[in-house]
Amino acid sequence: MANTPSHPFYLQHHFSDAQQQKDSAKFGMWIFLLTEILLFGGLFCAYAVFRAWNHEMFYNAHLALDRVLGTINTFILITSSLTMALAIRGLQVNKARQAALYLGATLVFAAIFLVIKYFEYEHKIHLGQLPGKYYTYTGVAGTNPHIFFSIYFVMTGLHGLHIVGGMIVIAMMLVNTLRGKYSNEYYTPVELIGLYWHLVDLIWIYLFPFLYLIG
Amino acid sequence: MNAALEQSYLKNPKGLTSWLFTRDHKRIGLMYLYAIMFFFFLGGVFALLIRLELLSPGKTIMSADQYNQAFTLHGAIMIFLFIIPAIPAALGNFILPLLIGARDVAFPKLNLASFYIYVAGALFAIYSIITGAVDTGWTFYTPYSTESTTSVISMTFAVFILGFSSIFTGLNFIVTIHKLRAPGLTWFKQPLFVWGLYATAIIQVLATPVLSITLVLLILERVFGIGIFDPAMGGDPVLYQHFFWFYSHPAVYIMILPGMGIISETITVFSRKKIFGYNAIAFSSLAIAFVSFLVWGHHMFTSGQSEIAAMIFSFLTFLVGIPSGIKTFNWLATLYKGQISFEAPMIYTLSFLFLFTIGGLTGIFLGALALNVHLHDTYFVVAHFHYVMMGGTVMAFLAGLHYWWPKIFGRLYNETAAKIGAILVFVGFNMTFFSQFILGSQGMPRRYYNYLDQFQPLHAFSSFGSFVLGIGFFVMLVYLVHSLFKGKTPGYNPWGGLTLEWTVPSPPPPHNFDKIPEITHGPYDYDKILVKRN
Amino acid sequence: MSEQHKEHILPIKAYLGVAGALFILTMVTVAVSYINLGGWNAVVAVSIASFKVSLVALFFMHLKYDNKINLFIFLIGISFVTLFIIFTMFDTLRRADIYEIKAKPIKEKAHIYERAPDDSTQQSDAAQH
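Chains as they are written, first to last, in this note's numbering: chain Z, 1 to 215; chain X, 1001 to 1534; chain R, 2001 to 2129.
Source of the hints: derived by calculation from the structure; they are not laboratory data.
Just so it is clear, the structure is predicted and the values come from calculations on it, not from any experiment.
For each residue, glycine too, the CB sits at the ideal point set by N, CA and C.
Incorrect hints may have been included.
With beta-carbon atoms standing in for the labels, derived distance ranges [as the list claims (entries may be wrong)]: (1) Z/Ile168 with X/Leu1332: 52 to 60 Å; (2) R/Gly2017 with X/Lys1011: 55 to 63 Å; (3) X/Gly1015 with Z/Ile72: 51 to 59 Å; (4) Z/Lys181 with X/Phe1342: 52 to 60 Å; (5) X/Lys1011 with Z/Leu178: 49 to 57 Å; (6) Z/Tyr118 with X/Thr1302: 43 to 51 Å; (7) Z/Ala52 with X/Gly1321: 26 to 34 Å; (8) X/Phe1021 with Z/Ile72: 25 to 33 Å; (9) Z/Ile168 with X/Gln1442: 56 to 64 Å; (10) X/Gly1496 with R/Ser2079: 41 to 49 Å; (11) Z/Asp66 with R/Asp2097: 34 to 42 Å; (12) Z/Ile168 with X/Gln1066: 40 to 48 Å; (13) Z/Val108 with R/Trp2040: 36 to 44 Å.
Could you put together the complete structure from these sequences and hints?
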């Protein structure tokens, strides 16, 4: 297939034009995000059920989380979302170098988020505020405080895994951008990972108040 | 050798790697078909072993523990490895793009990935069987699943992986149906099988993630003892059941909806009559998909969930009867005054109508709260869901398999042998499972290795039925394999169908359509267009 | 669908504005969390979080300008999660509303009752075998 304007290199044979392909890709990505929402939805359900049962314990246990670090991480994740959005805008206005810079910044913010998360985890492991049967901390009043920490670790852990997965793909996009693969003609993969990254941010926006602020 | 076969997707391109790395939906569909048929066979072997054990009370051929493993593996294999991917991933993959006049599904690479994810899940399941099997039942209920010493983790992980395969198929189908329909093929000119697959795909993407997170929590519960589902640690096993059935009830409709789609196709073709109530059938698919998310609690009437929840779920369960009834009546009305011909696909279609009606109506019995308490976990439930799953979905799958067989392989099977096979399957099925309705109503509990002497005659009858069923499937295997080598070659349109897959050669060429077709007529306009069989 | 060939490109200012709003809302929600409003704390936190989520979805994820079907999918996701939580809570919050349930072991000697709550599953299993 010749690389002509009517049939560019990225157009697959079963699509009639680039717009149809792009719309399909975005639509497919949104359906994938839908499955992500439902995946975390299960955890939010577990959170809601146990919080309703043990409200006192949840309140006491949430005080054990570091509200300041949580707030800082929220700022960092929102900033990374901003840089991600600006990276896509960079490609839309055909400034690939600018886009690469913003993608790099997104990676840096994501890494800082994980480092802060690591220190939070380490502190909790040190105190024995661990999930389930490994829970040895005694400073939280109320019944079954280990369940709060189970939910905390599963939710933030799954979220953290999503950050790591996103970082790997963003790094790949960064390399491709530097190689000049994307332009304002074709940047669908970056747009898709952008959507994913914003979703990871969205989930944190709910996780943060639920776990750190209201317990 | 005929020209169509030589130029078809089966021979172009040639070579093993061209199959392993194919992005052609037809080849992926075919690989899926072989894989699911293998697991259908494996699950069937476990079923026959179960029935053999239940031939007489006490130990017949296996120990009680082995029996627990046998029914768990039968359930898990049949549900996760056979019936969920059977119609969408195998037949749907093959037929969907042909039905809507597309060259492929929207994301061919994802489609191939979905197949290999399925294979990976299947390997984990086999690994689990080798390393000690599972004895929890296919539902993996806590707290037993957190305590059982069998390989629960590898089996749940297998199911977790299979879930992604299912999600990717669903995602692919939704986008394909939205974006790749041929010009002129409006939503209401789509064949009804497409509507069935669409409704199925919606459930696949909405429900399966919840199963994934449930299984992750179950694995974490086993490995780290996180205590969310473990009553000994303040967790709630009933919550596990909510999580599980939020997926698994809609999953029942993942199984039945595409089957209903196939029935809508075959019943019009073999009645030579326009479908009655197209819109009603299309929308009732979506209605079933939606209602399926509101009724999961009817699996938990005796679990200790609150009485109020039980009442709400019981009431909502009756709603499922409405769209299912609409479909059944429309199919019957389609038959009325049609020119019915009784080829093998039609025999399976009529079997479906008969058996699904029984399965559906007994579902209404079981949805009634007060009655359910008595019938819960008896053979009545076993018979009910086999009438829906096997009498419904498997019959529809077989109808579809026989209907599209000439298209898929470019070969015609022996019609007489197919009729004999279909009748054996129908008779064997009813012998096996109708007796179980009676057993259940007399109080025979399910999942028991032993039983009272008074149940012996019915159990033995059921077991003999299962042997008849097995012979029926064996006959099918023989004539289908025979057809692959010696079968006559069909023309484009052996049944006289009006949908697009019959306008391309059998088997189709690699890119399906030389030119994307323009659609001007409805899929079932038998009243306006005279189609010749060829 | 095929008419809107050119993407809607937002000015940088718009992105910065949205991010600024998100920062301010985060500070507000953290500040409110230090004031005890009883049950209202949760309401305020969820409302602010939902508002932030709408901002991200509408502007960063372009849902405001995108094909409306994507917005529809997003809303379906949120509503099914809500449905899941509400229907589950019909059970978990309403147990023993009508009949009084007395918890008693079905089998008194079953080993799960012998285990202390903080004892691990593994240990008691090991002790048994």
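If you check each hint against the structure, which ones fail?
Violated hints: 5, 8; rest satisfied.
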